[in-house]
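Each protein sequence line maps, in turn, to chains F and V.
Here the first sequence stands for residues 1 to 592, where the numbers follow my numbering.
Here the second sequence stands for residues 1 to 274, where the numbers follow my numbering.
Since the hints were made in silico from the structure, they are not lab data.
Check the hints yourself; a few may be wrong.
Computed spacing ranges between beta-carbons, pair by pair [said to hold, decoys possible]:
(1) V:Val182 - F:Asp204: 38 to 44 Å
(2) F:Asp51 - V:Ala181: 27 to 33 Å
(3) V:Lys3 - F:Glu342: 28 to 34 Å
(4) F:Val281 - V:Ile206: 36 to 42 Å
(5) V:Asp117 - F:Asp51: 41 to 47 Å
(6) V:Ser119 - F:Gly460: 40 to 46 Å
(7) V:Ile206 - F:Leu441: 28 to 34 Å
(8) F:Asp204 - V:Val38: 27 to 33 Å
(9) F:Val463 - V:Val218: 26 to 32 Å
(10) F:Pro551 - V:Phe6: 25 to 31 Å
(11) V:Asp146 - F:Glu542: 33 to 39 Å
Bear in mind the structure is a predicted one, so any value in this text is a computation, not a measurement.
The C-beta atom is built at its ideal place from N, Cα and C for all residues, glycine as well.
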Amino acid sequence: MSLEGTGEGSKKMSGLKRGLALFAIGTLIAVPLLAQVAGPDYGEFGIFGMDRRDAVWMAAQLHLLFAAFVLGVPMFAVVIEAIGIFGRQERYDKLAKEFTRLLLVAYSATAIWGAILVFFLSTLYPRFWAYLTAIFAPSMWLYAGMFFLESFTLYLYYYGWDAWKKGVAKKVHWFLGIMLNVWGTIVMFIANGWLTYMMSPPADVTADTAPQTVQVWSAIANATWMPINIHRLLANVVFGGAIVGAYAAYRFLTSESDEERAHYDWMGYTGNFIAIGALIVLPFAGYWLGREIYEFSQQMGITMMGGFMSWLWIIQAFLIGILFLTGNYYLWIGMGRIPGAERFQPYIKWMLLVLVLGVIVWATPNTVIADRDEIAAMGGTHHPFLGVLGVMSAKNTAVNLMILTTFLSFLMYRRANKEPVVSWAKMGTMLQGAAFVVAALVVLFYGIYGYFVSAIIRIGFSVYQVAAVLVTILFVLGIDIAMVRGAKSRGAIRWGQMPDRSQYALLILAVTFTWLMGLMGFARSGIRQHWHVYEVIRDTSEQAFTPALGPAATMISTCVLIFFGLVGMIFWLGGLAEKSVYDDTSAAESGH
Amino acid sequence: MWKANFKILMTVVMTLGVFTVVSNIIPQVRSAVPELIVINADMTPDELAAIGENVYLGVGGCTACHGLGTRAPDLLGVAGTVCTTRDPELTCKEYLYESLVDPLAMIVEGFQPIMLDQSRTLGQPELWTLVAYLESQGGEITVTADDISGALAAAEAAEAVTVTEAAPMNPGDIDPLNLIAVNGCLACHAMDGEGGEVGPPLGDLIGQDLAFIREGIVNPNASIAEGFEAFAGTMPPIFGDMMSPVELDVLIEFLATGTVGAVSGEEESNEDGN
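Given the sequences, and given the hints that come with them, work out the whole structure.
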């Protein structure tokens, strides 16, 4: 069976994409020159009730979502291809190719929204755009060069897949995948330099500094540049995994054969596994970014965490609560198709209880906005009971216990159909259980002890809590890998025999991840408040204020809806042009 | 097929709908662009009161105590009326102004003497806009152009004053408890069971890094103690200028150790260097 779409359709599409990419790059380079022309500070915009900021916001958000996808997918496409090569499992190779096919069609959308963003910036914010280009022009040329390299590497990687599939040629092909990631990462790092400069310009840059005198490297390597780079790198993996999961869910729900369902069930599981796995590491990158923001400007940090944005973190907690609950729910449903998983069923209700309590604690506000009577009734600005839960000691404890619980779900899922045969299996399981208990006790101990020490000491406790959880995860996983080697199977996983609601859970995960990205983008950008470049270039437009959460949420939802609409169309068009790469060997192989 | 597509669409739309609704029903706070306050003698009473309201709600930090019902009298809606009943020798305007610049002499019965002289943190023109705003709360605004002109002239004169350097003091002659009293620290911070709850208790500072305490006094908004985020910005960054360097050292030393004379300046500078 031919696994690929062929032909002319694909070639025509690639030509179109190349054209769009050239168009976007041409725009990026040409518009700085146009922007040098003297004129008003701001251009006019008024379509569909949107103002100039809405227009830029929407274009930037959609460009970023597609860009995150085309950066995140190659990361695990190349990892999965490596598993296929070195593990000699062809189904992984096919899966990597199917991921890359999604990447290809998303590339043009990224270029289109990038071009729209540049047009909006240059026409609606001409003076600010001229300021940025005066500083960053050399890096924009480099960006364009990297974009070309990335494009052509992608085409070689995808279209050379079948031509270079054996021996040394296959390894060269895999190397192309690595280079695709390298170029894409450099492109992202350069663009991150521009946006982080707006947040945290170098200390010697003031309102009186001529942009031509600012050193490009000093502007790029600003205080928040590297934390944002790492945070986005990880977030892109999460996002890419979630979107692949959503794609698999879409194909599962619309498939017409058991083989197809089996393939997409497995694909959805793999995407979700990668997304949740990377999500667990993401908060650490977030802490680093937060710390750098505080170190750059205490005022900015306070605006972010304790100022008008403080309620944003309650919404974030609500979203992450949904991610944890939905992610675990998906795993628990999935255990229904694994022989031997029945023995873990009684524990699920307790794990659910821990997760629900964790979400409740995490989403408890520290202070509440109250009127005089309410404050008087509470005896202060802090609620007598909820105020105790709304502090970091309680929240850190809750989130660490939620991470441990989620890891336990993964472990149960992984162990469900395996029966270890090593002589030390019982001892190993006991050690794993003990590690969980010790980690939970460490987390609880420092959580409670935190109430009895000063804030400066309490902040350090979060490190011990996180370290306990991470060490436990590594320790338990290490034992598990050794213990299940050569394990007896209780039966193959019945891929495809999943209720539809599991696939809707994957869709909710993807939508929530995407929305969370929009929300965090709003937080990062919003803490600049009425500054284009923080305390250097003031926003003097009518939209200089930072909107409240409600209007921001409406904008984010609109962008996410448009994004998923376009992604759905891309999936549909992809389905018209090409056949799926699944084959009937997938289901049989994937029972291992 | 179409049924599945419709369900998928509805899943996406409903998930987004929940997020949007939840985000719209929580308290909505918009970050406004700070306006440059320009005060001149030609302003109408209402314009002065409008500026005074911003001072009251913002930089003045008045709401940290007034309006909570226990720490200081409620002012909104009544200040312009009760001001005429407090002291028969003073007009409403005079009473309110005196309450701002000499608050300890005007303490209302039943409340603690915790308010600071507001002229330490606000200029004379801002003080008069505050008076105008408080008069507007149930009364008639009587602040005039002469008051504002006089305040502006006073502010201009204050800028022209040459400050003569004071002679260095002997640390042993300085009583840190007196510094705490005259600077009104207990208005917001508790110590030995007395004082406010707007900031963390002073006893929490024992054992803390000296540089950390110094920053908390000189630049109080640089970091906000956990649990006190709601009061961020309340403490004015003026105390570093209100005390001499020697007084500041003595106070920091006292706060860090709970005793006088335990830590030398040399040790502190070592910690600063870390």
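Evaluation of the provided hints:
Checked against the hint of 38 to 44 Å, the C-beta distance between V:Val182 and F:Asp204 comes to roughly 40 Å, which is consistent with it. Taking 27 to 33 Å as the suggested C-beta distance range, the pair F:Asp51 and V:Ala181 does not conform, at roughly 53 Å. For V:Lys3 and F:Glu342, the Cβ-Cβ distance of about 32 Å falls inside the hinted range of 28 to 34 Å, so the restraint holds. At about 38 Å, the beta-carbon gap between F:Val281 and V:Ile206 stays in the expected band of 36 to 42 Å.
The hint said 41 to 47 Å for the Cβ distance between V:Asp117 and F:Asp51, and at roughly 45 Å that hint holds. Range check, V:Ser119 to F:Gly460: Cβ separation about 42 Å, and the 40 to 46 Å hint holds. Between V:Ile206 and F:Leu441 the CB atoms are about 30 Å apart, so this pair conforms to the stated range of 28 to 34 Å. As the Cβ distance of F:Asp204 to V:Val38 is approximately 31 Å, the hint placing it in 27 to 33 Å holds.
As the Cβ distance of F:Val463 to V:Val218 is approximately 29 Å, the hint placing it in 26 to 32 Å holds. A C-beta distance of roughly 29 Å is found between F:Pro551 and V:Phe6, which places it inside the suggested range of 25 to 31 Å. Between V:Asp146 and F:Glu542, the C-beta spacing of about 37 Å keeps the proposed range 33 to 39 Å intact.
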